[in-house]
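There are 2 protein chains.
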Amino acid sequence: MLENQMREIGESAKKASYVLAGISTEVKNQALQAMARALEERVEMIIDANRQDMDDGRAKGLSDALLDRLLLTPERVKGMAEGLRELIGLPDPVGEVSNMRTRPNGLRVGKMRVPLGVIGIIYEARPNVTVDAAGLCLKAGNAVVMRGGSEALNSNMALANVISAAATSAGIPEGAIQLVPTTDREAANMMMTMNEYIDVLIPRGGTGLIKVVTAHATVPVLQTGVGNCHTYVEEDADLDAALKIVVNAKTQRPGVCNALETLLVHDKVAQEFLPMAADALQEKGVELRGCPRTQEIIRDCTPAAEDDWGTEYLDTVMAVKVVKDIEEAISHIQSYGTKHSEAIITNSYKKASLFVQRVDAAAVFVNASTRFTDGNQFGLGAEIGISTQKLHARGPMGLEELTSSKFIVLGDGHVRS
Amino acid sequence: MLENQMREIGESAKKASYVLAGISTEVKNQALQAMARALEERVEMIIDANRQDMDDGRAKGLSDALLDRLLLTPERVKGMAEGLRELIGLPDPVGEVSNMRTRPNGLRVGKMRVPLGVIGIIYEARPNVTVDAAGLCLKAGNAVVMRGGSEALNSNMALANVISAAATSAGIPEGAIQLVPTTDREAANMMMTMNEYIDVLIPRGGTGLIKVVTAHATVPVLQTGVGNCHTYVEEDADLDAALKIVVNAKTQRPGVCNALETLLVHDKVAQEFLPMAADALQEKGVELRGCPRTQEIIRDCTPAAEDDWGTEYLDTVMAVKVVKDIEEAISHIQSYGTKHSEAIITNSYKKASLFVQRVDAAAVFVNASTRFTDGNQFGLGAEIGISTQKLHARGPMGLEELTSSKFIVLGDGHVRS
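One line per chain: the protein sequences are R and F, in this order.
If you're matching positions, the first sequence starts at 1 in our numbering and goes up one per residue.
If you're matching positions, the second sequence starts at 418 in our numbering and goes up one per residue.
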């Protein structure tokens with residue numbers, strides 16, 4: 001029965017995607033506007049549905065942090081509506097033709113940007129993903145099939161019903177925005193192998209979710225990212241700037257994937273820099289876990305275990321290691337990093353170039369905080385996540401990353417000899 | 418034991434990939450030259466090894482077609498060497514920085530093209546893939562781990578040994594070009610899940626191989642393509658041009674993925690066009706399998722069964738269907754096509770635009786033969802295959818498609834507020 005239900009969802013999404021691919025920017029923008037308005041008009045109904053999830057969550061003993069993620073308020077719903085309106089202003093990536101060139105035989109060959117088709121999103125707690133993802137997928141001309149966390153089912157259903165009805169009323173085909181209306185785990189498993197209907201799968205959530213999806217999906221996956229991010233302070237760094245950057249990267253918002261997790265410091269400046277850094281960070285409540293050399297220099301520093309180097313704390317904890325040179329820093333990052341965001345603080349042109357060339361990550365920074373890894377900060381507009389894989393998209397994924405291309409070949413009776 | 422061997426291969430490839438990412442174009446080109454020269458110098462040894470595969474193949478009763486694919490001659494080895502030399506002239510994609518823009522806060526954000534890392538290739542009969550794939554991967558700065566067909570093991574080993582020794586002598590790190598030296602099927606299975614060591618997997622071969630890899634791989638896959646290609650002749654087509662294009666697409670080389678498999682003809686010109694087409698094609702030995710309407714119009718036409726619409730014949734057989742309009746043609750292509758190469762023959766601007774917009778395929782043609790879907794023909798230089806998936810690369814994949822990118826972010830003490 002679930003199988004039939006999922007097949008129907010897949011079929012109608014696929015069907016909708018064919019129509020969506022040809023729908024004008026104007027209609028898509030009108031739909032985004034209608035969706036935003038509908039969210040505002042139906043805010044009470046949405047919050048009622050959310051209340052049920054919150055009650056269930058409390059009864060199940062969800063943590064306060066999780067309950068806060070789940071909670072919808074009039075302001076949060078308003079925020080989702082505004083997110084949709086922001087998409088209206090972004091350029092439509094679909095239909096752009098690039099690299100159109102005439103071959104020696106007169107054949108004209110170029111690339112046209114097209115939607116991916118049907119995008120599957122498997123996500124956890126936050127109900128705002130329902131609206132954000134639907135909006136981004138729609139603007140890029142894709143149909144979307146979403147499967148949210150079971151704790152948020154009522155909220156997600158309410159949101160999805162409101163926006164999908166609004167989109168349809170504005171001329172978007174039915175089936176373009178769908179939420180899988182069940183908490184059955186099997187539904188997510190089915191999505192992972194619905195190659196016939198789903199073109200790309202984007203898991204959004206913790207490491208566990210991403211691992212399961214990567215391991216089981218036969219549908220191509222866009223992995224979004226775990227970030228064990230490093231900042232390396234070179235011997236010639238401006239230490240005041242380094243201090244500001246390190247404190248910002250670690251404490252401005254510790255619970256996100258682009259926050260700093262391990263500080264690497266050149267041995268020659270460790271004696272001067274580490275006490276400054278420790279004071280500033282400990283004042284902000286950051287617990288430091290250091291290598292033996294770090295422990296010699298700063299007090300109140302827990303010894304770092306091997307595990308610390310590989311941990312994404314997502315919390316006010318930071319590992320600290322003194323390294324003898326940039327080579328050791330790069331090799332540490334290669335061994336323990338997750339290829340998300342890595343930074344060097346240096347005034348040396350040569351060291352900056354070396355770091356940028358050699359460090360293999362979605363975003364490599366010179367003299368800036370890793371916290372900037374973000375679609376808006378990078379100028380892409382809204383993002384659907386930060387890819388840490390190398391295929392298709394790397395780093396923040398905006399509207400362009402939700403598209404593919406096709407070659408268009410214009411001839412005049414051309415045959416191959 | 419095999420597991421240890423595969424881990425060693427993976428580890429040394431990964432290690433080599435880190436060095437390769439920073440190697441200059443000059444060194445890579447010198448290595449390609451050395452590899453080409455070594456192939457020419459060691460041609461006898463290579464052909465001796467191939468003789469063993471040919472003897473084994475005959476003993477096993479391989480078909481003549483398969484034996485011909487397996488066969489190496491001095492000319493074929495020379496051809497491989499020339500293929501390597503052609504890569505020298507192509508621009509090195511690695512290191513290109515694009516879209517470098519200054520954000521309102523002064524942060525400079527751009528994208529740098531970087532190698533993918535380690536590419537795994539799983540392929541069937543043709544030993545030339547060993548050389549072609551190694552050359553392309555090397556020029557794009559990637560290490561490669563290759564697993565060829567068991568029938569070609571001796572030939573592949575000889576080729577891989579020659580080119581990898583030549584590459585190393587020219588300054589390429591050991592481990593950059595490796596062939597899995599066993600016919601154990603388990604080795605291919607292991608490659609599919611070596612996520613730690615292999616960044617991307619490219620299966621090259623028939624539908625069976627591609628299906629197995631797509632279903633079992635946890636490593637991201639670049640699918641190369643099955644092509645059930647169509648050509649649709651509109652009512653306003655120039656029928657002489659249409660005839661030339663159809664004959665070329667079907668007969669110029671029937672055994673390849675961009676050859677025409679199903680001809681669609683508008684009802685209004687079927688009576689005039691089909692007899693012309695049948696004469697020309699049957700003269701070239703093509704067997705026609707037609708819909709009922711086609712059978713009324715042309716003689717010597719086998720009835721097409723439902724299966725014929727979905728078959729990639731790769732042979733001198735063609736299915737023929739009369740459709741009532743462009744909508745029926747597009748919907749037939751949507752139902753039965755494999756999203757490879759699709760063509761329309763028309764003089765109508767409107768119909769051409771509609772077809773280009775609506776048909777979802779790696780390459781969409783107007784008034785030209787589908788046989789042009791090819792890296793060289795499209796101006797990309799050599800290709801590693803034709804992708805029929807939508808993620809990362811679609812259509813012929815050249816050097817650029819063997820790379821990824823990273824964001825580079827240049828600041829001046831920037832912190833996020």
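Hints are supplied without guarantee of correctness; some may be wrong.
Listed next, the in silico SDA-like pairs over lysine to any residue satisfying Cα-Cα at most 20 angstroms (straight line) [unchecked claim]:
id	chain 1	residue 1	chain 2	residue 2
1	R	Lys268	R	Cys291
2	F	Lys528	R	Lys14
3	F	Lys528	F	Glu541
4	R	Lys78	R	Lys111
5	F	Lys685	F	Arg716
6	R	Lys211	F	Val673
7	R	Lys14	F	Gln774
8	R	Lys111	F	Arg775
9	F	Lys661	F	Val643
10	F	Lys528	R	Lys78
11	F	Lys661	R	Arg108
12	F	Lys741	F	Lys701
13	F	Lys767	R	Glu82
14	F	Lys431	R	Lys14
15	F	Lys431	R	Glu327
16	F	Lys701	R	Arg108
Simulated from the structure, these hints should not be mistaken for lab results.
A quick look at each hint next to the structure:
no., hint, result
1, R:Lys268 <-> R:Cys291, "15 angstroms, holds"
2, F:Lys528 <-> R:Lys14, "33 angstroms, violated"
3, F:Lys528 <-> F:Glu541, "36 angstroms, violated"
4, R:Lys78 <-> R:Lys111, "38 angstroms, violated"
5, F:Lys685 <-> F:Arg716, "19 angstroms, holds"
6, R:Lys211 <-> F:Val673, "38 angstroms, violated"
7, R:Lys14 <-> F:Gln774, "17 angstroms, holds"
8, R:Lys111 <-> F:Arg775, "15 angstroms, holds"
9, F:Lys661 <-> F:Val643, "24 angstroms, violated"
10, F:Lys528 <-> R:Lys78, "34 angstroms, violated"
11, F:Lys661 <-> R:Arg108, "19 angstroms, holds"
12, F:Lys741 <-> F:Lys701, "28 angstroms, violated"
13, F:Lys767 <-> R:Glu82, "38 angstroms, violated"
14, F:Lys431 <-> R:Lys14, "39 angstroms, violated"
15, F:Lys431 <-> R:Glu327, "17 angstroms, holds"
16, F:Lys701 <-> R:Arg108, "29 angstroms, violated"
Consistency with the previously given hints fails for numbers 2, 3, 4, 6, 9, 10, 12, 13, 14, 16, ordered from lowest to highest.
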